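A.B. asks: Below, each chain spelled out in residue letters.
6 protein chains.
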Amino acid sequence: MIDHALTAAVQRALVEDLGDTGDLTSSLTVPPGTGSARIVARTDGVLSGTAAVDAVARTVDPGLAVTWSHRDGDAFRTGEQLAELRGQSRSVLTAERTALNFLGRLSAVATATARMVRLVDGTGVRIADTRKTTPGLRALEKEAVRHGGGTNHRFGLHDAIMVKDNHIALAGGMEQIFDRLAARSGHMARVEVEVDTLDQLRHLLGLDAARMEEGHAPVVHAVLLDNMGPDLIADGVAQVRAHPAPLVVEVSGGVDADTVRGLAEAGPDIISIGALTHSAGCLDFGLDI
Amino acid sequence: MIDHALTAAVQRALVEDLGDTGDLTSSLTVPPGTGSARIVARTDGVLSGTAAVDAVARTVDPGLAVTWSHRDGDAFRTGEQLAELRGQSRSVLTAERTALNFLGRLSAVATATARMVRLVDGTGVRIADTRKTTPGLRALEKEAVRHGGGTNHRFGLHDAIMVKDNHIALAGGMEQIFDRLAARSGHMARVEVEVDTLDQLRHLLGLDAARMEEGHAPVVHAVLLDNMGPDLIADGVAQVRAHPAPLVVEVSGGVDADTVRGLAEAGPDIISIGALTHSAGCLDFGLDI
Amino acid sequence: MIDHALTAAVQRALVEDLGDTGDLTSSLTVPPGTGSARIVARTDGVLSGTAAVDAVARTVDPGLAVTWSHRDGDAFRTGEQLAELRGQSRSVLTAERTALNFLGRLSAVATATARMVRLVDGTGVRIADTRKTTPGLRALEKEAVRHGGGTNHRFGLHDAIMVKDNHIALAGGMEQIFDRLAARSGHMARVEVEVDTLDQLRHLLGLDAARMEEGHAPVVHAVLLDNMGPDLIADGVAQVRAHPAPLVVEVSGGVDADTVRGLAEAGPDIISIGALTHSAGCLDFGLDI
Amino acid sequence: MIDHALTAAVQRALVEDLGDTGDLTSSLTVPPGTGSARIVARTDGVLSGTAAVDAVARTVDPGLAVTWSHRDGDAFRTGEQLAELRGQSRSVLTAERTALNFLGRLSAVATATARMVRLVDGTGVRIADTRKTTPGLRALEKEAVRHGGGTNHRFGLHDAIMVKDNHIALAGGMEQIFDRLAARSGHMARVEVEVDTLDQLRHLLGLDAARMEEGHAPVVHAVLLDNMGPDLIADGVAQVRAHPAPLVVEVSGGVDADTVRGLAEAGPDIISIGALTHSAGCLDFGLDI
Amino acid sequence: MIDHALTAAVQRALVEDLGDTGDLTSSLTVPPGTGSARIVARTDGVLSGTAAVDAVARTVDPGLAVTWSHRDGDAFRTGEQLAELRGQSRSVLTAERTALNFLGRLSAVATATARMVRLVDGTGVRIADTRKTTPGLRALEKEAVRHGGGTNHRFGLHDAIMVKDNHIALAGGMEQIFDRLAARSGHMARVEVEVDTLDQLRHLLGLDAARMEEGHAPVVHAVLLDNMGPDLIADGVAQVRAHPAPLVVEVSGGVDADTVRGLAEAGPDIISIGALTHSAGCLDFGLDI
Amino acid sequence: MIDHALTAAVQRALVEDLGDTGDLTSSLTVPPGTGSARIVARTDGVLSGTAAVDAVARTVDPGLAVTWSHRDGDAFRTGEQLAELRGQSRSVLTAERTALNFLGRLSAVATATARMVRLVDGTGVRIADTRKTTPGLRALEKEAVRHGGGTNHRFGLHDAIMVKDNHIALAGGMEQIFDRLAARSGHMARVEVEVDTLDQLRHLLGLDAARMEEGHAPVVHAVLLDNMGPDLIADGVAQVRAHPAPLVVEVSGGVDADTVRGLAEAGPDIISIGALTHSAGCLDFGLDI
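Protein chains in written order, with my numbering: chain X, 23 to 311; chain D, 23 to 311; chain G, 23 to 311; chain Y, 23 to 311; chain A, 23 to 311; chain P, 23 to 311.
Here chain X stands alone, though its shape is the one from the complex:
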């Protein structure tokens, strides 16, 4: 299936590595001839990035064949073989680093996500990403989050409305924001509002309830409780559940492995974590010939 984001990312990565000149070392030192190579895990983790590896191989040389023994979302152990590449040996070497750079980063995102998903197991809470993604790799990283068992927040500024403190300040306050959203947001646009305090939340829910009483559809579909601890979250969730329309409650802000379970038990629907994508690092894979 067509995938513009993948194509763009792989093309760009190969231009970085090859320029107009190509792979000097392989063309000078490796005689023509075919062979095979294996991608092997050097750490435990959850796999993501097989489509990127396939695209790197295909772009470097349409004759390179990649056969996977694991699929995206599968867990793997140190030492396991994940894939076999067959084709011109020169092409395998040319593709190696770019392919592993994708695989290492995307599997790290999937692995970090899977860890958080496991930590909230049984609470019914879903782990989501944010827009704090690597420039140029957003669609791939968001797919890696899904491979790790997480769910995606909006993909960008273009596909959902999310009001933050700066919007509220620049609009002149919550009431102004609310009126603008009520008047102008499209019926297919999902609206989330971030609140920093429970007073703000109460204000927002009150505006929405008043409007619903006049027979209108609700304006806000989700609230983000920013940087709150479990107690405040529990209070906020209670407020939201008492609202006449069913709102999604999202929690965010400095969540880590130590705090995520406690936050989840306070009852929100979603916990979003920037570190899934901005600080997952890179898993180690090797290419053995």
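No lab work stands behind these hints, which were simulated from the structure alone.
Since the structure is predicted, the reported quantities are computational estimates derived from the model, not experimental observations.
Do not take every clue at face value.
No distinction is drawn between identical chains; accordingly, a pair holds when it is met within one copy or between any pair of copies.
Claimed, not checked - Keeping only pairs whose Cα atoms sit at most 20 Å apart, straight-line, the calculated EDC-like set for lysine to aspartate or glutamate is:
no. : residue 1 : residue 2
1   : LYS186    : ASP306
2   : LYS186    : ASP248
3   : LYS186    : ASP310
4   : LYS186    : ASP221
5   : LYS186    : ASP94
6   : LYS186    : GLU197
7   : LYS186    : GLU102
8   : LYS186    : ASP280
9   : LYS186    : ASP66
10  : LYS186    : ASP253
11  : LYS186    : ASP291
12  : LYS186    : ASP96
13  : LYS186    : ASP218
14  : LYS186    : ASP143
15  : LYS186    : ASP201
Given chain X, work out where chains D, G, Y, A and P should sit, using these hints.
C.D. replies: This is chains D, G, Y, A and P only, laid out in the frame that chain X set:
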């Protein structure tokens, strides 16, 4: 000055965030009007990415002006203001996340590099990057390494020759590699060979010395001692220093903050560290309006 | 503000007209020299496309200045001057046809929308577009719909979930669709389901109500009543208003100027009309020198 | 055969619809599996756009196969099946709207052209398009005009010289234009001059005849009689036929189905009609699974 | 004025030279600071390429200013200063080689053209280029031909019809070609036919004359006499001048400085010479700081 | 194997020739049907450009098959058949001129290189290219140089450091240059310095020797003796050979077939010649059907 890599990365990142549709939230909620905002550090670090922030701002809105109070390579402290943005408030909000995504990642690379550089202070060893960079951001991350006081390894497969174990295996051995390099590498191409053992190193240096005795220029300009401890490195350095031509000695393989000083004191010229770029994470910056 | 869709559309249109060779006629026959020209309406209508005209002018020649006396969304009358262009006369002529091709099409969309909006005046119903847009001009046409007083449906397959008869058939039925949506749609993804009969609608609402009774958020946020007359629509609206969650009711299918008022009075929230974009034609504008 | 215009248009249209994120609905609701679908006409018409549909299918998924039972230029009736698509059901749904958007518009152009061609049947007059095409779709629309039995005017400003009233005014008059064309137009550049009055035509023909008497080749190869009725056209045709060089006579300006036959009987060679491309609307096709 | 061909060529040339990495030498060795440099001719010639030099400078650094003391089409002498560049010294050095590569090639084309134009002075014959241009530089080289006083043949396969021996063979003969052209070529498409013998010419003119006698416009507008000497050309010209429609006579095939005058005196309208663009070489310019 | 430079050059060349409109002549005059054609040499030479011809054929029509009877680097004689094309006759004609434009230029470069290589046969000197390449064709021309038996100098400003007179002047002298290089050039960056006099050379070597005596690696890896005759070169070579580190000696400046042997016998390692790429002209090939 022209910078294709920067332009391509920034364009792509903005397309990810804005699609064809643009910033729904700001256009719906923020009234037209100009204002200013400040980029503030929420952690200590070394700055990198000012050109990317400038490019994001300029691409979002040519009327956005960014004024920096620090420069790339400067250290900063938590709470310090690093830059001021002035222009349409909507444009500031549209640019915010993409700008900070660049700034956070690149400053993390500069900061990680600066830390390693400090750890080898006084040894004369230089800290270098590798090709284990984020797909699409290589040129920017390599510049960040320089901002952190490091030096750059080759930029890609296209600008230097680096022979690794797989090349040697596929070529049929060190002698075959050496002969091919001697016959075919250009006079402006820098050649480095990676060795896994001191025997391999001895073999390589012997081939080169024999060729030089016949009046030829040396074929190899640098050797990489892969995954060796301080003692082996010291022995390798001694071998190289006894060679008739002056070779660069590089050390690599799982280097971290605990081991880097010991490796440096063994006497190599360069220590290269993949983690500078693949696992530096992301520094936290805020945009205050 | 950055606008990828506009830039892409204008670049492509100018490449069509100019190729690599440029404007043969103007360069051969028009002596260098500056002048002014006026864009004049040759019909009544509602204006849209000023940004496209600006972009055409700027791309042809950065020295061309366009001054508008009307704004997007303004109504105009036959014979009124809408804009003045000043700059090299050659550049004005080179830009003319491409600029008017954009202006004529986009103003036709805004005008057709405004007509429908007027026809439902007082009913509280909003007029929306569809994905039946001109290939390459979607974002511009959707903006023209807003200029005409309409609202936008989703921008593409990427920014909202809309289940149609084919999805239901391929998934194996409404229940299967519902379960998949409940399990997998993101909390920021808006979900609409199209129904062809009131039985289907009843089935869908029943599934959602049962799930809400178990304490879950609703899965569906909007329903599209496809190709129904006023009576069926009124019944459908009544069903939806009795649902515990506030759903948007959209009506679509062969709506025209004769039928739109009757449909609106049946009480839906939205009437979407493909003809706003696929059959609006082109308004006539002239460039007088 | 290579077709840059088609490729560019299809790529752009798919980016509009899919962004980086792709088809949310199909990937969430449709299980993997292959099937077939039929494109069916919901109106009578003349077919154009099969290459665009093929390109959409191929771009969305190289595994999608399209088999046509009609060819471009064929007439079809309401209810007839025109093509069958086979492949992954998800891919069929992803391609559907973009494919039909192309097919509907291009077939509308072919159908409108065929209607005009029929109306002038037997007069020997050819029906031509103009540059009033949809931005981004010119080459496709001009091919649709050929599918409808029409002929193409120039493709852009780059491939023929066409002097209009504004050029004459800016050059300082017909004589100045004529002298510039005589001195500077290439021997492979076709030259047409638009005249608004028969006096202008007489002036132009006189200049050309005088130059030919001095032994030069004619400068003008075609004249466009703009916005004239049958009587004036008949007079103009008579003037041109008396000219020593054989000139093409084109007629244009507000031509419609009511007037085209009368204009054709006045004896011109070509009648060009902007509405073929700018106001043909969109034919209705369905995709049945 | 917009110039896609120039922009594409300059962008591509700079990417070749700078890659993602940039100008290593200047950034390492030249301290920041502004200065000026002069472009000086190291040979006599006719200038072409000032727009390319301007575009290179502007793309490398918008702050680089180029001031020309000569214009395209001007003759210059060895040692003359042609332009001054002012701006960052680093930027001047970065732009130098790419700018001079354009200037040297394009001025060589203009100079070669001017030489041929001088050699046919007084005969009334025009010197034209062909499609034997440097891949990627056609529009620039065709402009250089004009700067040298020549005229342009068609710009590509897309803007004029030119029938050669292979077309005739594949169509089944001259008659078949003629009938197809008569039936299908657009009224704005210029048609030239290449003939290898005077018999072929006679055949062609006969077909056209017969058709004109039936009241049709001529089908062919120009003939190319391929690889004939002055006597054959003179006979061919006589045949053409006796034809009822005024045809352009072009001569081509292995024309050089020794033969061009004799060919011109045989009376054709145009002599086209591939060597103007494919073998003009490169004039020598220097950049003095 | 992936080849960005080739793809970009071929795409651009075909866009020049075909625009959006395509090959008017072939589509009008050549009936559908397959056939074969032969590429035949009309001169002696050394072949280069087969990959470009393949790419042109593949891009015009994936069904076109090219079978080569010679390989890049092979010598050929006038009249020899080099390749056969099979496929749609229209496609063959559409591809013809663009394919031959590449083949003629690249084979001319290979042939000019082979001639120079032969002239220095037995001296051990290698013939190298420069950056005086055709804009847009650098990678292809550098490959042609290799096909002719030459070696490549750096590919651009991005992959090696080369200090010229202007850098030295702007840096404030040789000592400043030397210090900057010592402090800042990467360990994988090859450094060459151009000298105009033997005094300059002595100064440079002295700086490097002094630094090496302090235990540092050499800073400079190659010297370019610019515009010197055999005697000066011999003196320069002697100086370099006495230097403690093995430096490459390159000679350049106005080298031609008359002077190259004498220069080679003076003992340098490399002679670089701009005329290999900037003035090789174009070999003549024909396409016979």
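A.B. asks: None of the hints should be skipped; say for each whether it holds.
C.D. replies: The hints, checked one at a time:
no.	hint	verdict
1	LYS186 x ASP306	between (37 Å within a copy, 18 Å between copies)
2	LYS186 x ASP248	within (10 Å within a copy, 37 Å between copies)
3	LYS186 x ASP310	between (49 Å within a copy, 12 Å between copies)
4	LYS186 x ASP221	within (15 Å within a copy, 41 Å between copies)
5	LYS186 x ASP94	neither (34 Å within a copy, 29 Å between copies)
6	LYS186 x GLU197	within (14 Å within a copy, 37 Å between copies)
7	LYS186 x GLU102	neither (45 Å within a copy, 23 Å between copies)
8	LYS186 x ASP280	neither (26 Å within a copy, 42 Å between copies)
9	LYS186 x ASP66	neither (38 Å within a copy, 26 Å between copies)
10	LYS186 x ASP253	neither (22 Å within a copy, 43 Å between copies)
11	LYS186 x ASP291	within (19 Å within a copy, 28 Å between copies)
12	LYS186 x ASP96	neither (36 Å within a copy, 31 Å between copies)
13	LYS186 x ASP218	within (9 Å within a copy, 39 Å between copies)
14	LYS186 x ASP143	neither (29 Å within a copy, 34 Å between copies)
15	LYS186 x ASP201	within (15 Å within a copy, 32 Å between copies)
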